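Undergrad: Protein chains in written order, with my numbering: chain A, 1 to 344; chain B, 1 to 344; chain C, 1 to 344; chain D, 1 to 344.
Keep in mind the hints are simulated off the structure, nothing from the lab.
It does not matter which identical chain is used: a pair holds within one copy or between any two.
In the DSSO-like style, the derived pairs of lysine-lysine whose C-alpha atoms are separated by at most 27 Å in a straight line are:
| # | residue 1 | residue 2 |
| --- | --- | --- |
| 1 | K307 | K256 |
| 2 | K307 | K120 |
| 3 | K8 | K98 |
| 4 | K284 | K307 |
| 5 | K171 | K256 |
| 6 | K307 | K171 |
| 7 | K232 | K256 |
| 8 | K171 | K276 |
| 9 | K120 | K260 |
| 10 | K171 | K58 |
| 11 | K284 | K120 |
| 12 | K87 | K120 |
| 13 | K276 | K58 |
| 14 | K284 | K58 |
| 15 | K171 | K232 |
| 16 | K284 | K171 |
| 17 | K284 | K260 |
| 18 | K232 | K276 |
| 19 | K232 | K120 |
None of the values given here were measured: they were computed from a predicted structure.
4 protein chains.
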Amino acid sequence: MSQRQERKIRVILVGGSGYSGLEAIRLIQRHPHAEMVAVFGPELELGPVERFHPAISKCFQLSQELFRLERVAELNADLAMLCVPHKVATAYVPVLRKAGLRVIDWSADYRLRDVAVYEKWYERHGDPAGLAEAVYGLPEYFAEAIRAANLVANPGCYPTCSALALAPLLKAGLIQPDDIVVNAISGISGAGRTPRLSLHFPERADNFEPYAVSSHRHMPEIEQTLSVILGKPVNVLFQPHLCPMDRGMLATIYAKPVGKVTESQLHDALASAYEKAPFVRVRKDILPATKYVIHTNFCDVAVRLAKGRVIVFGALDNLVKGASGQAVQNMNIMFGFEETTGLY
Amino acid sequence: MSQRQERKIRVILVGGSGYSGLEAIRLIQRHPHAEMVAVFGPELELGPVERFHPAISKCFQLSQELFRLERVAELNADLAMLCVPHKVATAYVPVLRKAGLRVIDWSADYRLRDVAVYEKWYERHGDPAGLAEAVYGLPEYFAEAIRAANLVANPGCYPTCSALALAPLLKAGLIQPDDIVVNAISGISGAGRTPRLSLHFPERADNFEPYAVSSHRHMPEIEQTLSVILGKPVNVLFQPHLCPMDRGMLATIYAKPVGKVTESQLHDALASAYEKAPFVRVRKDILPATKYVIHTNFCDVAVRLAKGRVIVFGALDNLVKGASGQAVQNMNIMFGFEETTGLY
Amino acid sequence: MSQRQERKIRVILVGGSGYSGLEAIRLIQRHPHAEMVAVFGPELELGPVERFHPAISKCFQLSQELFRLERVAELNADLAMLCVPHKVATAYVPVLRKAGLRVIDWSADYRLRDVAVYEKWYERHGDPAGLAEAVYGLPEYFAEAIRAANLVANPGCYPTCSALALAPLLKAGLIQPDDIVVNAISGISGAGRTPRLSLHFPERADNFEPYAVSSHRHMPEIEQTLSVILGKPVNVLFQPHLCPMDRGMLATIYAKPVGKVTESQLHDALASAYEKAPFVRVRKDILPATKYVIHTNFCDVAVRLAKGRVIVFGALDNLVKGASGQAVQNMNIMFGFEETTGLY
Amino acid sequence: MSQRQERKIRVILVGGSGYSGLEAIRLIQRHPHAEMVAVFGPELELGPVERFHPAISKCFQLSQELFRLERVAELNADLAMLCVPHKVATAYVPVLRKAGLRVIDWSADYRLRDVAVYEKWYERHGDPAGLAEAVYGLPEYFAEAIRAANLVANPGCYPTCSALALAPLLKAGLIQPDDIVVNAISGISGAGRTPRLSLHFPERADNFEPYAVSSHRHMPEIEQTLSVILGKPVNVLFQPHLCPMDRGMLATIYAKPVGKVTESQLHDALASAYEKAPFVRVRKDILPATKYVIHTNFCDVAVRLAKGRVIVFGALDNLVKGASGQAVQNMNIMFGFEETTGLY
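This is chain A alone, in the form it adopts within the complex (with noise of 0.2 Å):
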């Protein structure tokens, strides 16, 4: 079918065992415009990728292997994405960038750009250097520095989904900056791939729980990305539930309008802002439902007026985009494909 041979980016992947890598070698797989030439991994988890993943068996041949810098320079590849915890990432990001490639990073280690708010709720930095040139991988708001961008801090799922939902309000000024509460929940896979207590499924199953009260980490990453957005400050009290469900997520989040504000306004205030936004949908006669997001990169938004509060809903699928999905978009941003190749 093809016509000239055209040359596919070359990717590699940095941590290949969990649950968003297994998201990006399919998203990668199915893109038509870039290829995976190699994944690594630690020393105790090497091997073929689908004794992780059994999904993969038959369509995706590589082995992750251990990550040393001469194998990289050999595979003359253009780009690195990293699903790597975060700490671990900063070790990585500085060798891969000095060796010529593009970094996508999932981790937290370069979405907050003050190095004191990271240190105050991660730990200390192991790349001030790189945090400074990162760019904050949300395309819906910088997809300029995105296309310019050799590090790309791809955003968290909670705060993808309470940004996607909440910027156009602010940035139109029918909402109040500093008086917020995003009420989120999240499937189980959000919690990562390593087995205990918690996690285990008669724990989960019919189990609702809240967790991280007034100290999980994506709440500085929502102010930050929210603040940066609107130019001037936003507070916002972010609460997360674990739901018995594998994957999707929905925030319900609470505001209060500025004024007069009529459900119209709102409502038209996102649907501006995401016109021509190929990722996010904005909702009007239903609402958003993870059930219509999961498997796909989309992120439905909408908004009602209530008791003279303003609630906006939004909802994506934690390992599309809040995770790969939105890494594959940024690819495409960086390498100027179509945004939604490989994606729709």
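Fit chains B, C and D to the supplied structure of chain A, relying on the hints for placement.
TA: Relative to chain A, chains B, C and D alone:
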């Protein structure tokens, strides 16, 4: 209690084919001082109750029969339990009371004290006289009146969960009564047993979804209950969600503190309010979660101070403490049994 | 990115409101060489397809329209896909074929070669002439005929799973053809999108249940497929179960070995049969499980020798390899595309 | 039963931190003639039992304490319940019996009568003398011996389900004892409370998976039980599967009829065998399903004749009739209570 051969109280059930009817049957069956003597239902749903609920085959033999007043008279029953939809309840209650039975009604028909409010949210009320005498069956606050009542309106699930979580904080003057958001989730059994597309298994699996924005009939019930307890108007924005599990309910409630309250003060207000309440557990180190309350009559509550806001959590089983368990608790109070009889 | 502008094949879909229709839409949309040009449906289900499936809003714009032959003629389509119930298919197929379209039919109408068998399990057949020309679309066994077919009967989910697991062992003469039990389970989406009590979420949650003992219409289809492949009668007892999950299917099949076969021989028979089959994975160290196949077009199989019996396992996604993915695989073969196009 | 102030039997539990321990606590708490007086556990799991099981806070006050024989002596207990892993049980049982307690053991240690068989499937047996005296606690078949026993081996979940379904048909000579396949599924709580990757929520969600082919330790237990009941060897191939739900078990059993049996004969054999068994329900019009038995002590069975084969279905709750409920049933028999006490 007694040693002498006691006479069990005789209970009739109207409406045995739904989920709360089943739960009522199970609870009465396990109760040492009560027995179910008849089950009544509409013309299209007659026959052995086990046909609707194969779970009770071999341990429950009654058939659902057509309601006839003469039949009721013969039964020499003490109490009628009504698991019927709103509007239907008002057709039975006056008749049953006239026949000398005390009544516990699961529907919304006798919950809203103000006929005007009822008629705004539901329809024309069929028994205003009954309404005037009905007692709202939230035992933790109205035990005295319940004891003497001959008509108890069994509270809704969301209102029970919300009111138990909020009331002590309002009474102690620790939170503002006019700036409260109740964000809640429910298992699907709360939506009843009538099939429809939105409750079709594949539509609800993996699907977390908000509904009834600003329009859920439990909102005025929550406000009324809290206003009565506090003695002045309480304003609540209530937002429910469907969670893909069979049963369980959790409310995450956001309020504003009054002045400089501490988390200890908030916790102590809950703890002292429920010290003697056998079915409310005030959690401190862990948060309420549906897993810990399903198939029990407990409502778990906890409170946190977070970024200048008060978050109160409440969890219960929508079919037990949110419906049939609470009805049995009311029955225990009405008939002078230990409050926990048949429920621990 | 593209070079010479290729002409994509033009596909019409009849029946876009169900789950397999949705899956077909998603797969065609992702396909590089096919495009959907119209969706037809019954009078009561017209309008934007996204109204039935909010998951495809913004990336799929077609409306479901009433079927009119003139409209079909205008579309200049190459292929019709029919996601309609049995009996309905025979109303469309002859007309579509006469209009020059090739047809892939999801229903059971063209699967059973023998009209008498069809009429025993279903009803009077509406298009015996079509039936005589239809090709059974199991690509692993009938690719040659599929390539040339203009009417392909897309196999049932249980038959695909069962036949792929059993055929190589029967062909190799390793198991007895007259003593086979297929015990299978399916996710609930397999039962379709029409709500009814038995598929109501609370009825199915936590509920694993056998059904259709000795009476499932896929039983004669399994037998026919295996008999055709083997060239002599195969007798199968098929017992399905509903499993409380949205999608996924697993068959555990019990057979008797012929003589003294070893587990290696059994495994090798599967392995060599499917060496070049891109969508069948023969597992050795792990067993098939639904998690590894859902949202893919793979069928995983494995075989064990246990206490003198042969156990064969097969797993697939009932909506993909068991329905719409297999249809796209058939389309790829019919139109000369690489078999995996749009499916890996 | 009695009117005079009765003395409740005093029960100690060894092993309160797992799921069957929790179920035992709940059942004893609801039992009118028994009370739990102490809970013992290993050094690393001491403290309030509610810490392991927040579900019982406020209604169960005991702490898990280190096992000390002097402490047991002081308690003046009648019965010890052991919810500990196999191998651990043999460390406690001889000591407890010597101290004068009757014992019900949940583990496999005293189930297999033949030490050689035990040592083939498990390990070296630590108490062959105890084994020789143990009674297999399947009340429907061994009530007489249970009544007199001072050591009861509580049966496994799969063996209970399988034996209750098969025994009457074998005894009536209606099925062949050497050609039986037990295909069974279980909810995940059956795998215990220790977290591991294969039981991690995201790994099990949407995942139906076979395991332990030809190697599950319940296979020899099923064979022994049926062989003892029948009085001659019974050969069973047992194949279990994990089903993505918390609790519930269903066996679909395939057997060959002896001669020309009818479905009525088969059904009647079950019906007459269990006419007086309060916890076995022989279904006719509906089939056993997990929904109808979870949270009850029932085992539902049904039989069908299908294509010359006999299919027997059995369903129960793995934590109730498959574990703790059956133990309480055994306790009722051992101590002369009505068999259903505390269980209906």
